[in-house]
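These are the residues of each chain, in order.
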Amino acid sequence: MGGRCETRARGGNGSIDGRLPEGFARQGKVSELKNVLVVDDSETIRNQVSGALGSAGFNVIEAGDGVEGLERLAGSNVSLVILDVNMPVLNGLDMLDRIKANPDTARVPVLMLTTEVHSALIQRARDAGASGWIIKPVKPEHLLSAANKLTS
Amino acid sequence: MSGNKSLDVIFQAAVVELFQCYDIAVAPLAASATVPASFASMETSAITTFRSPALTGWLSLSVPPELFQLLGEDMQLSHRRLDLVRELTNQIMGRLKSRMIQLSIVLEATLPTLIESQRLLQRAKECPGLRWHSFRLLRGDVIVSLDGKLDSSQVKYAGRADHGSEGEVILF
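Chains as they are written, first to last, in our numbering: chain V, 94 to 245; chain U, 33 to 204.
Simulated from the structure, these hints should not be mistaken for laboratory data.
Hints may be right or wrong, so weigh each one.
What the hints assert, rightly or not - Label pairs and their in silico Cβ distance ranges:
hint : chain 1 : residue 1 : chain 2 : residue 2 : range
1    : U       : 41        : V       : 169       : 41 to 51 Å
2    : U       : 186       : V       : 197       : 41 to 51 Å
3    : V       : 182       : U       : 197       : 51 to 61 Å
Glycine included, C-beta positions come from ideal geometry on N, C-alpha and C.
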């Protein structure tokens, strides 16, 4: 399925497998291989993100919770972290704090990907050093556009 | 319109919009206090609970095998089906939260978990205010249950204000 959704002017949608419109991946392909760490307890979401970014030439590393995410981040040359908020073991906002508190990872941009819309949470992430906030479900092209901006 | 009738309408709209985002048209049927007959054909269910001073309760999502057929061939693996039902439940909860924020109600929710049909029915029996919402697919129904009594005295319309909305990308 392709995944279209006209919600509102700023709105978006998700596709279940993250496939992109024909030709889109070629247009958006990154010139050098960049690692993106996707941390989400949902395999469905990890597959969506991997599909969208992998088609465009990113190398996607996956983790199912915050602790696993920190393990994957350590020692990897990661250009961007895409991070869920509500996860077991270690939630996304706490993982964000740890990423930003570590001098080795503090400069890596972090994009939150969540169903949460509350402005207080968005502000909390911004104050902690996140680079952006995406509210699920997201269109693959919007996700790719954000990833390109944050890794360029 | 009473608080819970309003909740029915808000909830149904949220579910319809979510499935639209996956290119799946669903038609809401009238909400009911009794278990829909089509519940017997559900394959998988997931549940999440929520709380706030104005509204505390739980919601569940039950889906038939036909839904996975609509979602495509890569949905054949059972662990992916289970994960998808959990994630859809999470996203329904997200939409409920989003709409409640517009009424100045901030819900805290648990992570969705899978639940067996019999356990779900047992839990439903213990909640007399539970509402069953059926949504007709091209083939089969999706069933969402919602338990919770809205305290209308705490509802204050706040609009979208500066909160986000589904699909939005905010770069700081």
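Right, here's what the structure says about each hint:
no. : hint                         : in the structure
1   : 41/U with 169/V: 41 to 51 Å  : holds (48 Å)
2   : 186/U with 197/V: 41 to 51 Å : holds (46 Å)
3   : 182/V with 197/U: 51 to 61 Å : violated (29 Å)
Hint 3 alone, counting from the list given before, is not met by this structure.
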